[in-house]
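Novice: Given next are the chains, with one letter for each unit.
2 protein chains.
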Amino acid sequence: MSAIQPLNLIVDIASGRLEPATTVVTRRLSDMRGMYADAAAEAALIERDDSVVYKVFQYDVPEETGQLFVCTTVLEPGRVGDEYFMTKGHYHRVRDRAEVYYGLRGEGQVVLMTEDGRCSSVELRPGAVAYVPPCYAHRTVNTGTGELVFLAVYPGDAGHDYESIERSGFSARVLEYNGSPTLVEQEPSGGSR
Amino acid sequence: MSAIQPLNLIVDIASGRLEPATTVVTRRLSDMRGMYADAAAEAALIERDDSVVYKVFQYDVPEETGQLFVCTTVLEPGRVGDEYFMTKGHYHRVRDRAEVYYGLRGEGQVVLMTEDGRCSSVELRPGAVAYVPPCYAHRTVNTGTGELVFLAVYPGDAGHDYESIERSGFSARVLEYNGSPTLVEQEPSGGSR
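For the record, the sequence lines run as chains H and C.
Quick note on numbering: this note's numbering labels position 139 of the first sequence as 139, and the sequence is numbered without any gaps.
Quick note on numbering: this note's numbering labels position 23 of the second sequence as 23, and the sequence is numbered without any gaps.
This is chain H alone, in the form it adopts within the complex (with noise of 0.2 Å):
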């Protein structure tokens, strides 16, 4: 086990960012594209600005069994169509692996979807902690009208699976519907078309 010393992270809340981070992840709507139902609003926004969807302040830990990573994220508000502005989402590349939220500003939903394509979602607010059970898919949806920003802690040898999303999307989506954000069965659709 590598050695690490004990110290302090601050999450500056009014920015979301993490003191030390180690890891900076800025996300574009370019570079999910393929992801959003809509592709024609998707391929319109990114021609418009590209703007930022989110960015994740991680500071980083051994990838070691008994570590544990520790991240901010900002989530940005928007809507690609009716569908919600969210993360790539993930399984972890070790499927079994837990992963917790702890929501600190806003207002949003974490979609999770087991391996064969079943999708709930819970509730980040601030106050709320969101449980990821181990071999659950997971997305962060902002359905709020300001930024989200929310803590996680995931093990250190949990490793991330893009791929499997990119690949087959998940099988529902969070859109707005009557004015509500509503969890919607959907044809998955993954990013690399």
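Rather than coming from a laboratory, the hints here were simulated on the basis of the structure.
Please note that a few of the clues may not be correct.
Where chains are identical, the list cannot tell them apart; a pair therefore holds if satisfied intra-copy or between any two copies.
Below, simulated SDA-like cross-link-like pairs (lysine to any residue); rule was C-alpha separation at most 25 Å, straight line [as the list claims (entries may be wrong)]:
| # | residue 1 | residue 2 |
| --- | --- | --- |
| 1 | Lys88 | Ile13 |
| 2 | Lys55 | Asn8 |
| 3 | Lys88 | Ile4 |
| 4 | Lys55 | His90 |
| 5 | Lys88 | Val184 |
| 6 | Lys55 | Gly127 |
| 7 | Lys88 | Ser15 |
| 8 | Lys88 | Asp12 |
| 9 | Lys88 | Gly159 |
| 10 | Lys88 | Leu7 |
| 11 | Lys55 | Asp116 |
| 12 | Lys55 | Ala152 |
Following the hints, put chain C in place on chain H, whose structure we already have.
Specialist: Just chain C, lined up with the frame of chain H:
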């Protein structure tokens, strides 16, 4: 891997309770007999009202690799002599398991100790993550005037070793010294003398 469905756990920051909690632990001063440096002050406080030092609200998951336990702790303000109210502290039974704390209310410190007895501390306050590396004993101390409330996440297969601390204590204590919390190297004292 046992099946748990996705779910929300709601933290009531005002009370510090986690809902739902499947295990609630209450520790009074008499449950920590012998852990504070000032034995006479400890005995007098136990005699007076044996007050609650802390409560833990935990959502239980299977004790398996890849799972994550989530709990909140409410640590009361107070002192035993010059020593601030604290948790019992433990190693993980499986030593090389990390833990992550996130401060929600109040202010305090996490005291950490290597197996060869070197102590350090990090802070705990709203917005601060305290990262407990693998193999460190950890204990939380309330250095403020109100309750200290924090969220903790730790691996499902970590387990707890309270006995080592009950037997040998920590090699440093957080004392009020010239009006400020100070980590002071001390002869450790256990809880089963």
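Novice: Which numbered hints does this structure break?
Specialist: 11
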